[in-house]
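Peer 1: Start from the sequences and build out the full structure, keeping to the hints where you can.
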Amino acid sequence: MIQTSLKKSAYLLVLILGFSGITSVVAQQDFNSYQTLKSVGVIPEDFSAMTYSKIKEDIKNKRTSLEGHKERVFLEGIHYSIDELLHSGMVIYGDEITKYVNQIADKLLAKDASLRASLRIYTIKSNTTNAFSTDQGIVFVTTGLISQLTSEAQLAFVLAHEISHYTEKHIVETFEWKTKTKYSERSIERLSHYSKEKEFDADRLALKMYNDAGYAKSEILPTFDVLLYSYLPFDEIAFPTNYWNTELVYVPEELFPTQKYPIKAIEDADDSKSSHPNIKKRKEAAEKEINSFANWGSKVTFLGDEKFKYIRNIARFESIRNDVIDANYADAIYTIFLLEKEFPNSIYLQKMKAKAWLGIAQLKEVNILNRTLQKVSEYEGEIASLHYFFRKVDKVGLITMAMRQVEDIRAKNPDNKEIKAVWERMVKTLTATEKFELSNYSSMRYTDAKMEFDRLKADTTKQEEKQQELSKYEKIKKKKNKNEVQNFEAEKFYVYAISDLLKSEMFLATYRKYKEELDAIAKAKEDSDKLTTSERRKLDKKAEANYMRLDTRELIFVEPVVYRYNRNGIDQVKSEKLAEDFSEAIITGSEELGMNVTIISSANLKKLGTTGFNERAVLLSYLNQIAYEEDIDVFPVDYELLSEIQLNYGTSKVMFSILEHSYQPDLSGILVASVFVFPAALLAIPLELVKGNETDLSVIIMDIEKGGIEVAVDYFYREPLSKLSMAAHVYDVLKQVQSKPL
614 MIQTSLKKSA
624 YLLVLILGFS
634 GITSVVAQQD
644 FNSYQTLKSV
654 GVIPEDFSAM
664 TYSKIKEDIK
674 NKRTSLEGHK
684 ERVFLEGIHY
694 SIDELLHSGM
704 VIYGDEITKY
714 VNQIADKLLA
724 KDASLRASLR
734 IYTIKSNTTN
744 AFSTDQGIVF
754 VTTGLISQLT
764 SEAQLAFVLA
774 HEISHYTEKH
784 IVETFEWKTK
794 TKYSERSIER
804 LSHYSKEKEF
814 DADRLALKMY
824 NDAGYAKSEI
834 LPTFDVLLYS
844 YLPFDEIAFP
854 TNYWNTELVY
864 VPEELFPTQK
874 YPIKAIEDAD
884 DSKSSHPNIK
894 KRKEAAEKEI
904 NSFANWGSKV
914 TFLGDEKFKY
924 IRNIARFESI
934 RNDVIDANYA
944 DAIYTIFLLE
954 KEFPNSIYLQ
964 KMKAKAWLGI
974 AQLKEVNILN
984 RTLQKVSEYE
994 GEIASLHYFF
1004 RKVDKVGLIT
1014 MAMRQVEDIR
1024 AKNPDNKEIK
1034 AVWERMVKTL
1044 TATEKFELSN
1054 YSSMRYTDAK
1064 MEFDRLKADT
1074 TKQEEKQQEL
1084 SKYEKIKKKK
1094 NKNEVQNFEA
1104 EKFYVYAISD
1114 LLKSEMFLAT
1124 YRKYKEELDA
1134 IAKAKEDSDK
1144 LTTSERRKLD
1154 KKAEANYMRL
1164 DTRELIFVEP
1174 VVYRYNRNGI
1184 DQVKSEKLAE
1194 DFSEAIITGS
1204 EELGMNVTII
1214 SSANLKKLGT
1224 TGFNERAVLL
1234 SYLNQIAYEE
1244 DIDVFPVDYE
1254 LLSEIQLNYG
1264 TSKVMFSILE
1274 HSYQPDLSGI
1284 LVASVFVFPA
1294 ALLAIPLELV
1304 KGNETDLSVI
1314 IMDIEKGGIE
1324 VAVDYFYREP
1334 LSKLSMAAHV
1344 YDVLKQVQSK
1354 PL
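Numbering (the numbering used here), first residue to last: 614 to 1355.
Worth flagging that the hints you see were computed from the coordinates, not collected in a lab.
Do not rely on the hints blindly, as some may be mistaken.
[To be verified] Distance condition first, Cα-Cα at most 27 Å in a straight line; then the derived DSSO-like pairs of lysine-lysine:
#: 1; residue 1: K901; residue 2: K830
#: 2; residue 1: K1005; residue 2: K1048
#: 3; residue 1: K912; residue 2: K896
#: 4; residue 1: K954; residue 2: K873
#: 5; residue 1: K720; residue 2: K821
#: 6; residue 1: K1336; residue 2: K1348
#: 7; residue 1: K821; residue 2: K782
Please read all numbers here as calculations on a predicted model, not as lab measurements.
Peer 2: In structure tokens form, the structure reads like this:
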């Protein structure tokens, strides 16, 4: 057993599983108490059918024009890549956005029932501004795209474009071209040109479909503007330098930039190495095509402007959650600032703001915040001032600011359990911050201290006389006392930012609790350093023996993954079938041990249904958060949904695992030796054949109540992969997890 890096294990699982989602009733969203989008209704076959069965069915029905091996390669590549996305936790079905997009598709294809019936539309919870179609007839639309649009008609045009890619079989044609072409700089340029032609074709056909539906031509060219500037937030509003100023805190304007950062995107960008034509060329081609139609409709919306804005707001609320998962905390705070204008009483925005500030503080505390912020050379638009601010403020100042913001949110919502939990984590972060001492803070508010300082400054003679009467030691103490207004410093604004907390018994008690914990950890390390090598080895041995002993009989097992490698990489079909055997081994082992283990995976979604699908998505979201920032104790973005899962299954322990197997026997040495010592050397062949097997089992166990990863281990074996071997190793892992510590 090897205790492995938590980040390495979590990140590997995220790459494999992806990430986002719990029940199945659609209700009108109340943005003041917003809940993240969930899948609704009966789970579609696209999600529940095994991938290898889809491939088998397509080959049987001769779905493509490709022949033989080429067809199998294409179908395996397409199906496994799309199913990886479908099972990532980011894709949802039956939700309000998906239903809305389907209604627009109904309008676009009102005269083509056959084509409409062949399409399935799903939503991806991602801030990427994108939509794309697949060879199978699936159309994906991201929440990021919808958050940026200004009308239903614009969404209709984008959707028509993707439907056109599907009808023209662009995916198959591009695949066939690639298989015949060697890659070089020149061929990449040819491929880019080839792709550009397909983009122009899709635009042309989309315009016809859009026109037939009766939408207004006035919305077509602005759609290209949306795509051009989609990397920016959905609105451009200056962030006020006094946004955080209250009676309790004042943030100096000097911490914000004095300059504006221009937006750099241009329509006529060099597209010679791009797969897409630039916006200028697409606009020009679209304008020519627009003029070829004489019968333009006037409709910007058929479903109603209020409905569009409602759906767009859902997408915008989702963007905050996506940013928190990805540790883009500055972006999340800017989006919250934009949405607060329309939703000033939203408890959801308050909770997300608290989580964003906590994340900023935690990253700053371990000196890695800057890697989540824009580089100075990347500053563009109004959001740049926030990135500038978070870079500018020093560690203690920024973490104190975070404490101030989280405390203000808690004070407005004193009975909210989730906000209180964020507040606790914030106090813990503040306590752990290097150079943070309560004695360095003033019990005076900034405004009071500034006013008194200005008054005393006006009477300098009197102050000088008083100063002369003091002894040397009194002068030193006076200089160190933050409550002395003579020591007022505008750039140290934060020393006045928690004046109320210095008098709060709840804050002080929580601070003392975490201070004692930190002191105990420091003392334990100090004691450990005094041990002899033999004593430390004995202690380490006991800790390793107890590492997997969690004393639990209940466990949630999420998505057991198997990778079977061959000479060409992963054998996807064998891997998928072995994963089914792996799941059976888990069930068998848990039953033998009398454990209650629930498997939530893509392989048993037909049994679990939509509820299980949503629960799996929530767990993957949390794993994704941990993978992004292993260095900090991340607060779960879906705190309430994780609590529901714990309640439903009676456990907070969640296990993820990856089983990887390859077979690479090395017989070269034996074959050479056989020339000299034949036939004795040949007796070594069976041993070498067995040694050619390499199996790596990685296990992660999260505790969704305590937060974070409890166990991350790797096991390595040299043996053939079989149902029996998987069962034996799974049994051993579960037995350790069930055992009490020594």
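Peer 1: It remains to establish, for every hint, whether it holds in the given structure.
Peer 2: For each hint, the structure was consulted:
{"no.": "1", "hint": "K901 / K830", "in the structure": "holds (12 Å)"}
{"no.": "2", "hint": "K1005 / K1048", "in the structure": "holds (18 Å)"}
{"no.": "3", "hint": "K912 / K896", "in the structure": "holds (21 Å)"}
{"no.": "4", "hint": "K954 / K873", "in the structure": "holds (22 Å)"}
{"no.": "5", "hint": "K720 / K821", "in the structure": "holds (13 Å)"}
{"no.": "6", "hint": "K1336 / K1348", "in the structure": "holds (18 Å)"}
{"no.": "7", "hint": "K821 / K782", "in the structure": "holds (18 Å)"}
When the structure is compared with the earlier hints, no violation turns up for any of them.
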